[in-house]
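Visitor: Sequence:
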Amino acid sequence: VSAMCAFGLIYKDELVAACSLRNAFHKSHSSSLEVARFCTQSSTSVRGALSKLVKVAKQFAREQNFCKLLTYVDTRLGNGSAYEKAGFIRVERGSPRFWWTDMKYRFNLFKFRADRDRGMTEAQVAAEAGVVKIWGCSNARYEMIL
1 VSAMCAFGLI
11 YKDELVAACS
21 LRNAFHKSHS
31 SSLEVARFCT
41 QSSTSVRGAL
51 SKLVKVAKQF
61 AREQNFCKLL
71 TYVDTRLGNG
81 SAYEKAGFIR
91 VERGSPRFWW
101 TDMKYRFNLF
111 KFRADRDRGM
121 TEAQVAAEAG
131 VVKIWGCSNA
141 RYEMIL
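Counted from 1, the sequence shown has number 121 at position 121 by our numbering; the numbering is strictly sequential.
Rather than coming from a laboratory, the hints here were simulated on the basis of the structure.
All residues carry an ideal CB built from backbone N, CA and C; glycine is no exception.
Each statement offered as a hint is correct.
Distance ranges between label pairs, derived from CB positions: (1) E14 to D102: 33 to 41 Å; (2) R116 to I10: 48 to 56 Å; (3) L109 to G87: 24 to 32 Å; (4) E84 to A127: 41 to 49 Å; (5) R113 to Q41: 33 to 41 Å; (6) T40 to K104: 25 to 33 Å; (7) R37 to R118: 32 to 40 Å; (8) A114 to I134: 14 to 22 Å; (9) Q59 to V91: 18 to 26 Å; (10) S138 to R113: 18 to 26 Å; (11) K12 to I89: 29 to 37 Å.
Heads up, simulated EDC-like pairs for lysine to aspartate or glutamate below, C-alpha to C-alpha not over 16 Å straight-line: (12) K55 to E143; (13) K111 to E122; (14) K55 to E84; (15) K68 to E84.
Whole structure, please, built from the sequences with the hints as guidance.
Guide: In structure tokens, the structure reads:
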């Protein structure tokens, strides 16, 4: 899903932090705008960068008539504390996620689904393709009411 917009922080004519927003992926969150990505320049720490960008994102979301901002944290990479400091509240921690692999590449979980037309289960489709499941960590969902 493409970003609707993005905001950045510039220091000495250089982009040092950025945040992109998109319509929420899940239809159940259609009144929410999702913080799709947040990043800082490699090997750079920008104090308060997320909070500064979220402040702008909140204003944009309000102007676009969204009720909430939401984001997801991959718990393999972080604990969400930066989002909590920026004003988000953790509302859910999901189950561990999985992907498919052929031991060389990793594929999205939706790539090998049951094939009703051929009467095959997900496991049979995966076996036919020569892939196996690998498990990862869960995502945590954070929300901010506007």
